[in-house]
Each structure stands twice: as structure tokens, then as C-alpha cells.
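Engineer: Chain order of the listed sequences is A and B.
Following my numbering, the numbering of the first sequence begins with 306 at its first residue and continues without gaps.
Following my numbering, the numbering of the second sequence begins with 15 at its first residue and continues without gaps.
Some clues are possibly wrong.
Claimed, not checked - Simulated pairs of lysine to any residue, SDA-like, Cα-Cα distance not exceeding 25 Å:
id, chain 1, residue 1, chain 2, residue 2
1, A, 362, B, 70
2, A, 362, B, 15
3, B, 118, A, 383
4, A, 358, B, 108
5, A, 316, B, 85
6, B, 91, A, 400
7, B, 66, B, 31
8, B, 118, A, 414
9, B, 70, B, 85
10, A, 362, B, 88
11, B, 118, A, 363
12, B, 118, A, 358
13, B, 66, A, 414
14, B, 91, B, 43
15, B, 82, A, 389
16, B, 91, B, 42
The set of hints was computed from the structure by calculation and includes no laboratory data.
As a plain string of letters, each chain reads:
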Amino acid sequence: DAGITQSPRHKVTETGTPVTLRCHQTENHRYMYWYRQDPGHGLRLIHYSYGVKDTDKGEVSDGYSVSRSKTEDFLLTLESATSSQTSVYFCAISESDSNYGYTFGSGTRLTVV
Amino acid sequence: GDSVTQMEGPVTLSEEACLTINCTYTATGYPSLFWYVQYPGEGLQLLLKATKADDKGSNKGFEATYRKETTSFHLEKGSVQVSDSAVYFCALSGGSNYKLTFGKGTLLTVNP
Chain A
306 DAGITQSPRH KVTETGTPVT LRCHQTENHR YMYWYRQDPG HGLRLIHYSY GVKDTDKGEV
366 SDGYSVSRSK TEDFLLTLES ATSSQTSVYF CAISESDSNY GYTFGSGTRL TVV
Chain B
15 GDSVTQMEGP VTLSEEACLT INCTYTATGY PSLFWYVQYP GEGLQLLLKA TKADDKGSNK
75 GFEATYRKET TSFHLEKGSV QVSDSAVYFC ALSGGSNYKL TFGKGTLLTV NP
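Same shape as in the complex, but just chain B:
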């Protein structure tokens, strides 16, 4: 079945540091890929998405590129801020039932 593997956290960075959170997937067919963010005490929010190979999703300075050859969708940001502290989830959608499969999440803490 479909699965998503993302790097385990927690990840702790200083403000303005570069961020990469790795995500790889296993799926049949051609899934859509997503990154969600969860701020403390809140639900998940869609951060960015890509629906086909080589697509780049971007939002709020975050980027991720759908790499079919390496089955990856790594999340990157060039300069993180304290307000980026949150849990980040990689997810994929495939098949006809529109279900999302999530990774286990990566906690990011950014210190001033």
C-alpha cells in the first residue's frame, strides 16, 4: 500500500538558517504530494502541493519539488523564522477514494 517516510525530528534551528525536511514515498500510479503544517494547538493547514512529476510547490518561502525518479518531495526554506516553529507533515494522495496518507510528522523549533 501507499506509504510516506519523513525524517524524524525534532529539528532545531537558529533563525535565518536553511531548512530541509526529507520526505520519500511509496505509491502505485501517480500520486499528488502535499506538505501540511500544524501550529501548536491547531489543526493541519495545507502548506503546498504538487500534482505531477517535476512540479514545484511553493508558499510562504517554502518549496518542494516532486521528484518521481527518487520518489521524493523534500521541503526546503532558505531562511527560517521563529514563526515557522510547527510540526510539518508530508502526505500523498492516490487511488480513487481520495484518501491522504500521512508521514509521522517532523517537529521544527526555530530559536531567535
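Chain A on its own, in the form it takes in the complex:
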């Protein structure tokens, strides 16, 4: 299996607190992505990265920021968590050619109370 891990796997946090989710890969893939999965919406892209310090917004980026200071790590930060950000978050990686598809992490279940 491709080396991609997400941490934490589960987290409960309070409204208004900052939260950071981590995605770590050992495949040296250039592209990394953060998605959220919600019932009735499938997967929606939050942010993605196409290299160290190179990131861009996806379709649901409001309230989220990302950073990528090393090839292997892609961090997703909720600056001030809200209940609407309760979701399952997936990280994915891909090689330079998307014809290979993505490899996904196991997900982080985040609950904002």
C-alpha cells in the first residue's frame, strides 16, 4: 500500500477552537489534496497542493487554510471550528499524471460540538 497516513483519526473539538489535521506521505508524490465527505454531497475538494509552498483553493475552502512546508506533509487548519465543519476529512496524493488516480488516506472524523 502507498504510504499515506492521516492524524488524528478521530477528534472532538469545541466551536471556536483552532484545529489542525495532518497528512503525511512517504511516496514523494507532488500533488496532495484535502477533501471532506458529507452525506448527500459525496467528496468535495477543500484545498490542494502542487508542490512545496504551492497551494490553491478548492470548491469549499471558506474557513480552511493549508500549508505545505515539506513534500511529505500537508496540513489542514480550521482557524475557528464551526458545527458545519463536522465531517470526515480525507487526504489524497497523486503522481504527476492524474491518469493514475489518487491514493487516499483512511480519513479523520472531526466532530465540532
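Keeping the supplied structure of chain A fixed, place chain B upon it in accordance with the hints.
Structural biologist: Quick look at chain B alone, frame taken from chain A:
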């Protein structure tokens, strides 16, 4: 923009029944097409893919053919098993930023 529409579930079948999950897409250019599967409590796994028109992707008894004329990529299996119970996502990749666009997913439940 790019979009993927797949049949809404849930789909419930008996073991050994035939499966078809419809998927159609809208995209500019010539996208690559994928089916992903998500088992309970897990992340998504690539099931099969097709990168050009008339290509057939296949894996684990599942098949899908890239039909450019009908902009479709329907997932089929001749005889499903209980272990095939999962959520199935159709997706496409197009453009230069290597992003995947997903359908909303179809929950399949196979009963013994």
C-alpha cells in the same frame, strides 16, 4: 465546469445478482474516468479506470467502458457477493491541475 452524475442509491441486491451503477459526466476535453470503492470505515480505493474513449477498465469482476458518445462510464458486475457491499464513487480527471471530480456515491448492499 466538470461534473459527474451517478445513480442515487441505496441499491440492494441479493447475492449473485447482476449489478449496474450508472454514471454520466460533463467535461471539456478528454478526461480520464475512474470508479472508487469505499468499504465501511475506510478511505476510498481505486477500483478501475479508463483513460480514453472505448477503453474498458476491469478489476475484481467489475467492468466499466468509457463511452464518449454517451458521456457515460457505467459500472457492471455479473454476480455480486456480500463482500461487495460498499459505497461506489464515479470520478473524472481533466485539465492541468490533476483534480478529481467525484459523483455523490452509490451505496450498495448485497444480502446473502
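Engineer: Now look at each hint and say whether the structure bears it out.
Structural biologist: Structure-based check of all given hints:
1. For the given pair, residue 362 of chain A sits about 33 Å from residue 70 of chain B by alpha-carbon distance, which is inconsistent with the 25 Å threshold.
2. Restraint check: the Cα-Cα separation between residue 362 of chain A and residue 15 of chain B comes to about 15 Å, which is no more than 25 Å; the hinted pair holds.
3. With a CA separation close to 24 Å, the supplied pair residue 118 of chain B and residue 383 of chain A stays within the 25 Å bound.
4. Of the supplied pair hints, the one linking residue 358 of chain A and residue 108 of chain B holds, its CA atoms being roughly 23 Å apart against a limit of 25 Å.
5. Under the criterion of a C-alpha separation no larger than 25 Å, the hint pairing residue 316 of chain A with residue 85 of chain B is inconsistent with the structure, at around 40 Å.
6. Restraint check: the Cα-Cα separation between residue 91 of chain B and residue 400 of chain A comes to about 29 Å, which exceeds 25 Å; the hinted pair is violated.
7. The hinted pair formed by residue 66 of chain B and residue 31 of chain B fails the criterion: a straight-line CA distance of about 29 Å is larger than 25 Å.
8. Of the supplied pair hints, the one linking residue 118 of chain B and residue 414 of chain A holds, its CA atoms being roughly 19 Å apart against a limit of 25 Å.
9. Simply put, residue 70 of chain B and residue 85 of chain B have alpha-carbon atoms about 14 Å apart, close enough for the 25 Å limit, and the pair holds.
10. Distance check on the hinted pair: residue 362 of chain A and residue 88 of chain B sit about 30 Å apart at the alpha-carbon level, beyond 25 Å; violated.
11. Of the supplied pair hints, the one linking residue 118 of chain B and residue 363 of chain A holds, its CA atoms being roughly 17 Å apart against a limit of 25 Å.
12. As the CA atoms of residue 118 of chain B and residue 358 of chain A are separated by approximately 31 Å, the hinted pair breaks the 25 Å bound.
13. For a cut-off of 25 Å, the pair hint linking residue 66 of chain B to residue 414 of chain A is broken: about 36 Å separates their Cα positions.
14. Of the pairs offered as hints, the one joining residue 91 of chain B and residue 43 of chain B is violated, with about 29 Å between alpha carbons and a cut-off of 25 Å exceeded.
15. Between residue 82 of chain B and residue 389 of chain A the alpha-carbon distance is near 38 Å, which puts this suggested pair outside the 25 Å criterion.
16. A threshold of 25 Å between alpha carbons decides the hint, and for residue 91 of chain B with residue 42 of chain B the separation of about 29 Å lies outside it, so the pair is violated.
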